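Please put together the full structure from these sequences, using the hints given.
If you read the sequences in order, they're chains A and B. To convert, count from 1 in the first sequence and add 41; that's the working numbering. If you count the second sequence from 1, position 216 lands on 214 in the working numbering, and the numbers rise without skipping.
It is worth saying that the hints were derived from the structure and are not from the lab. Watch out, some of these pointers could steer you wrong.
Per label pair, the in silico range of CB-to-CB distance [unchecked claim]:
1. E94(A) - A10(B): 52 to 60 Å
2. S88(B) - E94(A): 29 to 37 Å
3. A124(A) - G161(B): 14 to 22 Å
4. E213(B) - H163(A): 56 to 64 Å
5. L331(A) - T269(B): 53 to 61 Å
6. Q155(B) - E94(A): 41 to 49 Å
7. E155(A) - R275(B): 55 to 63 Å
8. P176(A) - T269(B): 38 to 46 Å
9. G74(B) - P311(A): 41 to 49 Å
Okay, the calculated bits of chain B under chain A, using three or more residues with CB under 8 Å as the criterion [claimed, not checked]:
10. 37 to 44
11. 66 to 79
12. 203 to 215
13. 287 to 296
What you are looking at is a predicted structure, and each value in this text was computed from that prediction instead of being measured. For every residue, glycine included, the Cβ atom is placed at its ideal position computed from N, Cα and C.
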Amino acid sequence: MSSTFAVRGGQAPTAPAAAPATGAEHRQTDRTDLTEVTARIREHVVTMCAGREGGHVGGSMSLVEILSVLYFRVMLVDPGFPAWPDRDVLLLSKGHGGIGLYATLAEAGYFPVERLAEYGEHGSPLMAHPNTEVPGVEMPTGSLGHGLALGIGFALANRLDDTDRRTFVVMGDGELQEGSVWEAASVAAAHRLDGLVAVVDRNGLQITGATAEVNDLEPLADRWRAFGWRVFEVDGHDVDALTDALSAAPGQDRRPTVVIARTVKGKGLPMVEDQARSHYAKLGGRQHRLALEALRKARRP
Amino acid sequence: MSAPAVPAPPKAPSSREVYRDILTELMPRDERVVCLDTDTGLFGGVDFGPAAGRYVNIGIAEHTLMGAAAGLAKQGRVPFANTMAAFASSRAIEAVKINIAYNDLPVRIAATHSGVSAGHLGATHHSLEDIAAMRVLPNMTVVVAADAASTDSLVRQALALPGPVYLRLGRNAVPDLPAGPPVVLGQAQVLRQGTDVTIAACGAYPVLSAWEAAEELSGLGIDATVLHVHTVKPLDTATLAAAAGITGTVITVEEHWRAGGFGAAVAEALTELLPVRVHRLGMPDRFVSVSGSQRYLLDRAGVTAAAIVERATSSVKG
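Laid out in structure tokens, this is it:
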């Protein structure tokens, strides 16, 4: 699988799409069909949640299109050579989306899909929160509010190296309640780190309920604008809209970019979709079967 | 309460200035080095020459500092993360733990104003927990600066380490330590070899007090070993155990809370090796809430030559 997209974007199989109205004409936009791969990633997530430990199903399902678009359309990466120096970097700041990331990395070819069965097993590096023992994971994450600061370091390094490598930091919306996010947001804008792209998985839910009720984040787009960021708001399950927005950095005005992706927690699982209780689940045999059936049903035209 | 006599401040550069000058010299020579500042003011007026682009003042943002340093290091740079010890070791400790130590990245945390060297700035600016916080982190090397000459040597040696380093630097100029063998990172410096008691000291004033106490003890017929232990992690347990094996009683002296610091590290190590008593002199278990110079605050807390002499005489003769 990896050989088909060893260098993504630069050798996109399709003709360049019309340049999005975002000023990122310098990159071709890949429109690889993602229907099958996103469906498989969702099935992997559900199956991992049926393993020994269960898993963060809701926030992993909401991420699937975001991660798929990044790994299969937008980022320049080489799954056969994860440390390729010229790669774009993804940091999953919402580390509890780990199983979503593992499933995506496996589908992208960083490691065999069969290894996903190790998740949560004794002695396996495939833990709930990612660490760098897992091929393709750049930095360990899990404690919220660290990814953006890490991303600043990568972006500063890229600037010093005089390259146009980009750094994508995927955050949860509940994560934005951490003050360190806004400390870093301010630093990134002050230093005009336009190669830095934050992505907010805006599923609107956190463990105990709606973000709006726990600690409201709105007006979220205005907050980011006020901190000096370019803001795109998109449907986080619309792969083409995500592709346009995530390809839009850097812009012309030397500001970092944030993509607020409106998503549905637990997307694809009618029994828990858009419910806070989807945050973590250990699926029994019957629940696992029902979840897979629901996903497969949704795949059929 | 009568204030102890406070000697006039010495003229030698402080350990933070020694460090700054080495970094200034190093930056143009080593393209990997990046100086990340948090508006400390330490680099005011410094000309990094062709390396000026590698000086980045991110503002007052210590948590971001540690994350950004980790990201830079991951991309092949050798960042020096500059802040005060108090902020490095408590405010930003989680970022140090998971982003720097966990990844075993070559970030050099240059932590100034350590111990009570911030003096009258108060307890918010004192770092009396930093050795405890840093030495428990896997992969971290913990180096405690003392006088200008030893700091110069230690900072240069620390540059070559492959993993993260916590450089505990002071704010003020301090007197020179007594002459001794070359300072080697990771090895206790044996300043004096005795047979009756081992005084192991960490930091400028503790070492000076240890030396002063040893001279006084000599007049009392007690022959002390004096160790300058600048590297708290990895700790030179071999030298400590060898000294303790000869003298028995060990007295540790430090500018840190007694809990968890250098003395605790020595006690942890020796208790597994020898049946030896370890007395720990350090800052008592309370915040320092009075104004005073570094020396005054140490004297007031009982981190003094007199206290060392008292412990040594009561232990050796008692």
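Verification of the supplied hints:
{"no.": "1", "hint": "E94(A) - A10(B): 52 to 60 Å", "in the structure": "holds (58 Å)"}
{"no.": "2", "hint": "S88(B) - E94(A): 29 to 37 Å", "in the structure": "holds (33 Å)"}
{"no.": "3", "hint": "A124(A) - G161(B): 14 to 22 Å", "in the structure": "holds (18 Å)"}
{"no.": "4", "hint": "E213(B) - H163(A): 56 to 64 Å", "in the structure": "holds (59 Å)"}
{"no.": "5", "hint": "L331(A) - T269(B): 53 to 61 Å", "in the structure": "holds (58 Å)"}
{"no.": "6", "hint": "Q155(B) - E94(A): 41 to 49 Å", "in the structure": "holds (44 Å)"}
{"no.": "7", "hint": "E155(A) - R275(B): 55 to 63 Å", "in the structure": "holds (58 Å)"}
{"no.": "8", "hint": "P176(A) - T269(B): 38 to 46 Å", "in the structure": "holds (42 Å)"}
{"no.": "9", "hint": "G74(B) - P311(A): 41 to 49 Å", "in the structure": "holds (47 Å)"}
{"no.": "10", "hint": "37 to 44", "in the structure": "violated (count 0)"}
{"no.": "11", "hint": "66 to 79", "in the structure": "holds (count 11)"}
{"no.": "12", "hint": "203 to 215", "in the structure": "violated (count 0)"}
{"no.": "13", "hint": "287 to 296", "in the structure": "violated (count 0)"}
In summary, the numbered hints that this structure violates are 10, 12, 13.
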